[in-house]
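Visitor: Residues per chain, in single letters:
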Amino acid sequence: KQEVTQIPAALSVPEGENLVLNCSFTDSAIYNLQWFRQDPGKGLTSLLLIQSSQREQTSGRLNASLDKSSGRSTLYIAASQPGDSATYLCAVRRPGGFKTIFGAGTRLFVKA
Amino acid sequence: DTAVSQTPKYLVTQMGNDKSIKCEQNLGHDTMYWYKQDSKKFLKIMFSYNNKELIINETVPNRFSPKSPDKAHLNLHINSLELGDSAVYFCASSHREGSTADTQYFGPGTRLTVL
Chain A
1 KQEVTQIPAA LSVPEGENLV LNCSFTDSAI YNLQWFRQDP GKGLTSLLLI
51 QSSQREQTSG RLNASLDKSS GRSTLYIAAS QPGDSATYLC AVRRPGGFKT
101 IFGAGTRLFV KA
Chain B
1 DTAVSQTPKY LVTQMGNDKS IKCEQNLGHD TMYWYKQDSK KFLKIMFSYN
51 NKELIINETV PNRFSPKSPD KAHLNLHINS LELGDSAVYF CASSHREGST
101 ADTQYFGPGT RLTVL
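From first to last, the protein sequence lines are chains A and B.
Be aware that the first sequence starts at 1, since it is given in our numbering, and climbs by one per residue.
Be aware that the second sequence starts at 1, since it is given in our numbering, and climbs by one per residue.
Some hints here could point you the wrong way.
As the list claims (entries may be wrong) - With the Cβ distance kept under 8 Å, some of the chain B side facing chain A (calculated, not the full set):
id	residue
1	8
2	10
3	41
4	43
5	46
6	54
7	61
8	64
9	90
10	100
11	104
12	106
13	109
As the list claims (entries may be wrong) - Below 16 Å or equal to it, Euclidean Cα-Cα: the simulated EDC-like pairs (lysine to aspartate or glutamate) are:
id	chain 1	residue 1	chain 2	residue 2
14	B	41	A	39
15	B	44	A	3
16	A	1	B	85
17	B	19	B	58
18	B	36	B	85
19	A	42	B	58
20	A	99	B	58
21	B	41	B	70
22	B	40	A	39
Rather than coming from a laboratory, the hints here were simulated on the basis of the structure.
Given the structure is predicted, the values throughout are model-derived calculations rather than measurements.
Each residue gets a CB set at the ideal place from its N, CA and C atoms; glycine is no exception.
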């Protein structure tokens with residue numbers, strides 16, 4: 001059974017700091033891993049998707065890595081801004097069952 | 001320009017009532033989903049439809065019945081609402097199941113409150 005864990009559950013940093021959010025999963029057999037952002041009272045916005053054959057993806061100040069053998073992914077945010085404040089969700093897509101399993105999220109607060 | 005839309009955004013109702021939530025996507029995607037986000041913000045899949053056919057049905061009470069009249073729509077009907085059904089329900093869609101590059105796009109959510 002696939003389980004997805006995100007650490008830390010909450011994080012508060014000063015503006016301009018670089019930070020890393022962690023995601024771990026128990027079953028290395030995955031189709032892909034997706035990082036989402038959720039603002040309060042809003043839906044989910046896809047940030048980055050890493051396919052099972054890939055090691056990392058980058059978009060602007062965001063970089064996501066994937067290490068299937070260790071069951072880990074990290075989301076690196078460079079030069080954080082107050083607008084980055086949101087909940088970040090990690091989601092693992094399983095093969096065969098075509099299910100997506102979400103972590104509980106990391107609530108990020110960037111102080112101006 | 002809205003990719004995945006849901007109506008209503010808020011739904012407040014009494015226990016025992018029957019209610020529906022509608023979802024539409026204009027992305028031309030083949031697959032649509034319903035997710036439930038509980039009070040602890042944990043997001044869990046409920047149903048998945050591919051080309052109007054049910055392919056995932058998680059352990060959801062049979063009071064919940066999804067209906068897909070066409071590929072662009074996936075509605076969720078809930079009978080005999082209970083207090084524990086209070087949550088935010090998200091609709092999502094993706095281009096094609098089974099592709100490792102498949103990205104899911106989410107609607108804004110429907111906050112259901114059962115009194």
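Visitor: Work down the list of hints and note, for each, if the structure agrees.
Guide: Each hint tested on the structure:
1. 8: 14 Å, violated
2. 10: 10 Å, violated
3. 41: 6 Å, holds
4. 43: Cβ of residue 43 of chain B sits 4 Å from chain A, so the hint holds.
5. 46: Interface hint status for residue 46 of chain B: violated (11 Å vs cutoff 8 Å).
6. 54: 12 Å, violated
7. 61: 18 Å, violated
8. 64: 17 Å, violated
9. 90: 6 Å, holds
10. 100: Since the shortest Cβ distance to chain A is 4 Å, the answer is holds.
11. 104: Holds, about 7 Å.
12. 106: Holds: closest Cβ of chain A sits about 4 Å from residue 106 of chain B, inside 8 Å.
13. 109: 5 Å, holds
14. B/41 with A/39: 12 Å, holds
15. B/44 with A/3: 12 Å, holds
16. A/1 with B/85: Status violated; Cα separation ~25 Å.
17. B/19 with B/58: Given pair residue 19 of chain B, residue 58 of chain B is violated - Cα atoms ~20 Å apart, limit 16 Å.
18. B/36 with B/85: 9 Å, holds
19. A/42 with B/58: Given pair residue 42 of chain A, residue 58 of chain B is violated - Cα atoms ~24 Å apart, limit 16 Å.
20. A/99 with B/58: Given pair residue 99 of chain A, residue 58 of chain B holds - Cα atoms ~10 Å apart, limit 16 Å.
21. B/41 with B/70: Distance ~30 Å between residue 41 of chain B and residue 70 of chain B Cα, so the pair is violated.
22. B/40 with A/39: OK: residue 40 of chain B and residue 39 of chain A at ~15 Å, within 16 Å.
Hint check: violations occur at hints 1, 2, 5, 6, 7, 8, 16, 17, 19, 21; the rest are consistent with the structure.
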